[in-house]
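S.K.: Start from the sequences and build out the full structure, keeping to the hints where you can.
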Amino acid sequence: MVTNITNLGRSGLSDWLLQRVSAVVLALYTLFIVGFLLLSPGLDYAAWSGLFSATWMRIFSLLAFISLAAHAWVGLWTVTTDYLKSTGVRLAVQLIIILAIFVFLVWGITVLWGA
Amino acid sequence: MSKLQVSLYRYNPETDSAPYMQEFQVDTQGRDLMVLDVLHLAKEQDNGLAFRRSCREGVCGSDGMNMNGKNGLACITPLSEVVKGNKLTLRPLPGLPVIRDLVVDMGLFYQQYERIQPYLQNDEPAPAIERLQSPEERDKLDGLYECILCACCSTACPSFWWNPEKFVGPAGLLQSYRFLADSRDTATRERLTDLEDPFSVFRCRGIMNCVAVCPKGLNPTRAIGKIREMLLADAT
Numbered sequence: 001m002v003t004n005i006t007n008l009g010r011s012g013l014s015d016w017l018l019q020r021v022s023a024v025v026l027a028l029y030t031l032f033i034v035g036f037l038l039l040s041p042g043l044d045y046a047a048w049s050g051l052f053s054a055t056w057m058r059i060f061s062l063l064a065f066i067s068l069a070a071h072a073w074v075g076l077w078t079v080t081t082d083y084l085k086s087t088g089v090r091l092a093v094q095l096i097i098i099l100a101i102f103v104f105l106v107w108g109i110t111v112l113w114g115a
Numbered sequence: 001m002s003k004l005q006v007s008l009y010r011y012n013p014e015t016d017s018a019p020y021m022q023e024f025q026v027d028t029q030g031r032d033l034m035v036l037d038v039l040h041l042a043k044e045q046d047n048g049l050a051f052r053r054s055c056r057e058g059v060c061g062s063d064g065m066n067m068n069g070k071n072g073l074a075c076i077t078p079l080s081e082v083v084k085g086n087k088l089t090l091r092p093l094p095g096l097p098v099i100r101d102l103v104v105d106m107g108l109f110y111q112q113y114e115r116i117q118p119y120l121q122n123d124e125p126a127p128a129i130e131r132l133q134s135p136e137e138r139d140k141l142d143g144l145y146e147c148i149l150c151a152c153c154s155t156a157c158p159s160f161w162w163n164p165e166k167f168v169g170p171a172g173l174l175q176s177y178r179f180l181a182d183s184r185d186t187a188t189r190e191r192l193t194d195l196e197d198p199f200s201v202f203r204c205r206g207i208m209n210c211v212a213v214c215p216k217g218l219n220p221t222r223a224i225g226k227i228r229e230m231l232l233a234d235a236t
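Listed in order, the protein sequences are those of chains A and B.
The numbering of the first sequence is the numbering used here, which starts it at 1 and goes up by one.
The numbering of the second sequence is the numbering used here, which starts it at 1 and goes up by one.
None of these hints come from the bench; they were simulated from the model.
Among the clues, some could well be false.
Across the chosen pairs, the derived CB separations fall in these ranges [stated by the list, open to error]:
{"id": "1", "chain 1": "A", "residue 1": "K85", "chain 2": "B", "residue 2": "A235", "range": "27 to 37 Å"}
{"id": "2", "chain 1": "A", "residue 1": "S86", "chain 2": "B", "residue 2": "Q29", "range": "48 to 58 Å"}
{"id": "3", "chain 1": "B", "residue 1": "G69", "chain 2": "A", "residue 2": "T55", "range": "37 to 47 Å"}
{"id": "4", "chain 1": "A", "residue 1": "R90", "chain 2": "B", "residue 2": "E124", "range": "43 to 53 Å"}
{"id": "5", "chain 1": "B", "residue 1": "R222", "chain 2": "A", "residue 2": "R90", "range": "29 to 39 Å"}
Don't be surprised by glycine CBs; every beta carbon is placed ideally from N, CA and C.
M.R.: Right under this line is the structure:
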């Protein structure tokens, strides 16, 4: 057993499962958004705003944002542990990544409920 | 006269400050020799050349090396399989420390093999005769027990290059599954617990370099997938 304290789920198994589940959520969300854009040729502000004022769409979007945050952390954590061999540099980069993900996530939530 | 252009990785830590490539002209007399034969012909020209070999028939796993960019056993790889444009480049297995020329230090590789406890564990009292298996149970070990530990797969794996002290590597994981799948082994839970961290198994990204180079035609990626399935079944 190799000890780790900076990965998302503290276990490789939970990270692995989370990565796959979040990928499915992101795929569904992407398909939905692309499909919506294709099926609304004369898309205007009212239609776009109307879509995002629906509660189900906000929940779906929040689910996608959280999935994106988890997916990005698992993936980038792996990249840092593969390629950054100096502990100081690796930890610093990990902290910057987690801060960015946190900011983007909170920002996304305020966009969803702020409009 | 057909002379093969052979480029060999040379490094003697006692006399060389850095590794270098040495060029040889080897007369194959037009025959489709094995790469190991070419090495012996090159050694006739330079006695100091160091490489490992033993059985010369793909059983002992001693002469794993990188031939024109692809890992394999020199003794069972014909020139026609690797040589393009009359040029053969031989390097040691990638990612492991070089002891001399084509000889690498396999310590990290064996450490990971030792870690997965490659022996049958059974805490039940031994029966009067051997522990029996049904033919179906025995079939599960096919494609797993044949590994000769040549290290061609693990040294072709970028995940093993970057984290050789944490990621078990394809060879070790194939053997790990060989004992997880064995109906006579009762340490399954302990074995799985030891593998659930983000490195030991899960650093595998499924690029299948191991499958592409295995000289015995084994499939470590499939075994790793099976270990993941067992971990998932055990933990959900």
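S.K.: Work down the list of hints and note, for each, if the structure agrees.
M.R.: Cross-check of the supplied hints:
1. A hinted range of 27 to 37 Å holds for the C-beta pair A/K85 and B/A235, which are about 31 Å apart.
2. Take A/S86 and B/Q29: their Cβ atoms lie about 53 Å apart, and the range 48 to 58 Å holds.
3. About 57 Å separates the C-beta atoms of B/G69 and A/T55, a value inconsistent with the hinted range of 37 to 47 Å.
4. Judged by the Cβ atoms, the range 43 to 53 Å given for A/R90 and B/E124 holds: they are separated by roughly 45 Å.
5. About 32 Å separates the C-beta atoms of B/R222 and A/R90, a value consistent with the hinted range of 29 to 39 Å.
Of the hints listed earlier, the one the structure fails to meet is number 3.
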